[in-house]
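**Student:** Turn these sequences into a full structure, and let the hints guide you.
2 protein chains.
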Amino acid sequence: MTEYDAIKEYLAKTLSTKRFIHSENTAKTAEELALIYKVDSKKAYLAGLVHDCTRELDINQQHNMLKALGIEVDELTITTKELIHAFTAEYLIINEFNIHDKEVISAVRFHTTGKENMTLLEKIIFLSDVMEPSRSFPGVDFIRQLARSNIDEALLTAFDSSIRFLLGKRQRIHPNTLLGRNYVLKHFKE
Amino acid sequence: MTEYDAIKEYLAKTLSTKRFIHSENTAKTAEELALIYKVDSKKAYLAGLVHDCTRELDINQQHNMLKALGIEVDELTITTKELIHAFTAEYLIINEFNIHDKEVISAVRFHTTGKENMTLLEKIIFLSDVMEPSRSFPGVDFIRQLARSNIDEALLTAFDSSIRFLLGKRQRIHPNTLLGRNYVLKHFKE
Numbered sequence: 001m002t003e004y005d006a007i008k009e010y011l012a013k014t015l016s017t018k019r020f021i022h023s024e025n026t027a028k029t030a031e032e033l034a035l036i037y038k039v040d041s042k043k044a045y046l047a048g049l050v051h052d053c054t055r056e057l058d059i060n061q062q063h064n065m066l067k068a069l070g071i072e073v074d075e076l077t078i079t080t081k082e083l084i085h086a087f088t089a090e091y092l093i094i095n096e097f098n099i100h101d102k103e104v105i106s107a108v109r110f111h112t113t114g115k116e117n118m119t120l121l122e123k124i125i126f127l128s129d130v131m132e133p134s135r136s137f138p139g140v141d142f143i144r145q146l147a148r149s150n151i152d153e154a155l156l157t158a159f160d161s162s163i164r165f166l167l168g169k170r171q172r173i174h175p176n177t178l179l180g181r182n183y184v185l186k187h188f189k190e
Numbered sequence: 001m002t003e004y005d006a007i008k009e010y011l012a013k014t015l016s017t018k019r020f021i022h023s024e025n026t027a028k029t030a031e032e033l034a035l036i037y038k039v040d041s042k043k044a045y046l047a048g049l050v051h052d053c054t055r056e057l058d059i060n061q062q063h064n065m066l067k068a069l070g071i072e073v074d075e076l077t078i079t080t081k082e083l084i085h086a087f088t089a090e091y092l093i094i095n096e097f098n099i100h101d102k103e104v105i106s107a108v109r110f111h112t113t114g115k116e117n118m119t120l121l122e123k124i125i126f127l128s129d130v131m132e133p134s135r136s137f138p139g140v141d142f143i144r145q146l147a148r149s150n151i152d153e154a155l156l157t158a159f160d161s162s163i164r165f166l167l168g169k170r171q172r173i174h175p176n177t178l179l180g181r182n183y184v185l186k187h188f189k190e
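From first to last, the protein sequence lines are chains A and B.
First residue of the first sequence? That's 1 in my numbering, and the numbers climb one at a time after it.
First residue of the second sequence? That's 1 in my numbering, and the numbers climb one at a time after it.
Just so you know, not all the hints are guaranteed correct.
Note that the list lumps identical chains together, so a pair holds whenever it fits in one copy or between two copies.
As a list, the in silico DSBU-like pairs of lysine-lysine whose alpha-carbon atoms are at most 30 Å apart [claimed, not checked]: (1) K169 with K115; (2) K169 with K8; (3) K38 with K13; (4) K67 with K186; (5) K81 with K115; (6) K186 with K169; (7) K42 with K8; (8) K8 with K67; (9) K42 with K169; (10) K186 with K8; (11) K67 with K38; (12) K38 with K81; (13) K67 with K13; (14) K186 with K115; (15) K169 with K43; (16) K102 with K169.
If you are wondering where the hints come from, they were derived from the structure by calculation, not from laboratory data.
**Tutor:** In structure tokens form, the structure reads like this:
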């Protein structure tokens, strides 16, 4: 028994096999990046493991979780399954897994959009979700390579990739993704 | 003598030939779109003509104009020549051309970035600047075609084109462009 067995058992029961494997992969990738960047690797593994724990829940159920948490989110987030789960995960993180670590919760909360001025742990979870071994899209190998040598360059490339993907699908783009990208570029220049 | 001769004379003296021609072209394109969409075509011509009147001024001179106008803008706008001129144009529009029309000033102000919930005149100036006959970039003919049949589809395509251009150049993207794009997409769906 490891300390993660209870969480894994819960995820195995409630997620599709594909997403369960993705969650384990994200945890392992996050742990690896944490070791490179000298961030708490247990927090990274944990955040990676639970980041998608509410991703497959009905959206109405997720609205109830937000109410229970007392969190208000913007209109785009509340109507988009790809976004809202990052906020509702906190409900299971606290109530099901009994984790109260604010750094872990924040890293999960911004794993889909990013934001301005991210912590290293937030960057690691954002990137691990994008680049874990089962992910396959044009440019993912370049992101994997950059992530191990220059995390901000990897982050910029991942933001660009996400923006291009949503442009191509005629979908709205969350402002935090743009603000996160602008922030990275501004700090490169300074 | 037309009523625009004094403005044209001023622009001919203060702008490069290329930008003077671009200004006249933008005015004519805006007038044409205004007739299609039943917007005041004199306002459209005027806004098109003056939209770039401060585009070639020194940025410090433009900072003084903002102070004189009492306008505060965000950090990205104030440091970017491609953005700040849309705000400083108001200084010449009022003090040199003696135009006080708020619709004209607003159309000039948002001609580079766009924004949420644009008026028809704002959309027309934004698009005329992008698609006037001397402009040449991949996709411009498609924007020209759309602009005459579906202005919001043209606007979306122009926003996408602007975002892709800035992604490719590793430059920051003004949030108003993203918000403008999100707004158009949301209203298509509704």
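**Student:** With reference to the structure, classify each hint as holding or not holding.
**Tutor:** Going down the list of hints, with the structure as the test:
Both within a single protomer and between protomers do K169 and K115 lie at most 30 Å apart by alpha-carbon distance, with minima of 22 Å and 21 Å respectively. Neither within a single protomer nor between protomers do K169 and K8 lie at most 30 Å apart by alpha-carbon distance, with minima of 33 Å and 43 Å respectively. Proximity of K38 to K13 under the C-alpha cut-off of 30 Å is found in neither arrangement, the shortest distances being 33 Å within a copy and 60 Å between copies. With identical chains, the CA atoms of K67 and K186 are at most 30 Å apart between copies only, with a shortest distance of 25 Å across copies and 36 Å within one.
With identical chains, the CA atoms of K81 and K115 are at most 30 Å apart both within one copy (18 Å) and between copies (26 Å). Taking identical chains as interchangeable, the C-alpha atoms of K186 and K169 lie at most 30 Å apart whether they share a chain (28 Å) or sit on different chains (14 Å). In this assembly of identical chains, the alpha carbons of K42 and K8 lie at most 30 Å apart only when taken from the same copy (15 Å versus 67 Å across copies). In this assembly of identical chains, the alpha carbons of K8 and K67 lie at most 30 Å apart only when taken from the same copy (26 Å versus 59 Å across copies).
Within a single copy, K42 and K169 get their C-alpha atoms no closer than 36 Å, and across copies no closer than 38 Å, so neither meets the 30 Å cut-off. Neither within a single protomer nor between protomers do K186 and K8 lie at most 30 Å apart by alpha-carbon distance, with minima of 39 Å and 38 Å respectively. Taking the shortest Cα distances, K67 and K38 never come within 30 Å of each other, neither inside one copy (36 Å) nor across copies (46 Å). In this assembly of identical chains, K38 and K81 lie within 30 Å of each other by CA distance neither inside one copy nor across copies; the values are 33 Å within and 40 Å between.
When the C-alpha separation of K67 and K13 is checked against a cutoff of 30 Å, the pair qualifies only within one copy, where the shortest distance is 25 Å, while the shortest distance between copies is 62 Å. Taking CA atoms no more than 30 Å apart as the test, K186 paired with K115 passes in both settings, with 14 Å inside one copy and 22 Å between copies. In this homomeric assembly, K169 and K43 never come within 30 Å of each other (Cα to Cα): the closest approach is 34 Å inside a single copy and 36 Å across copies. In this assembly of identical chains, K102 and K169 lie within 30 Å of each other by CA distance neither inside one copy nor across copies; the values are 34 Å within and 36 Å between.
Going through the hint list in order, the structure does not satisfy hints 2, 3, 9, 10, 11, 12, 15, 16.
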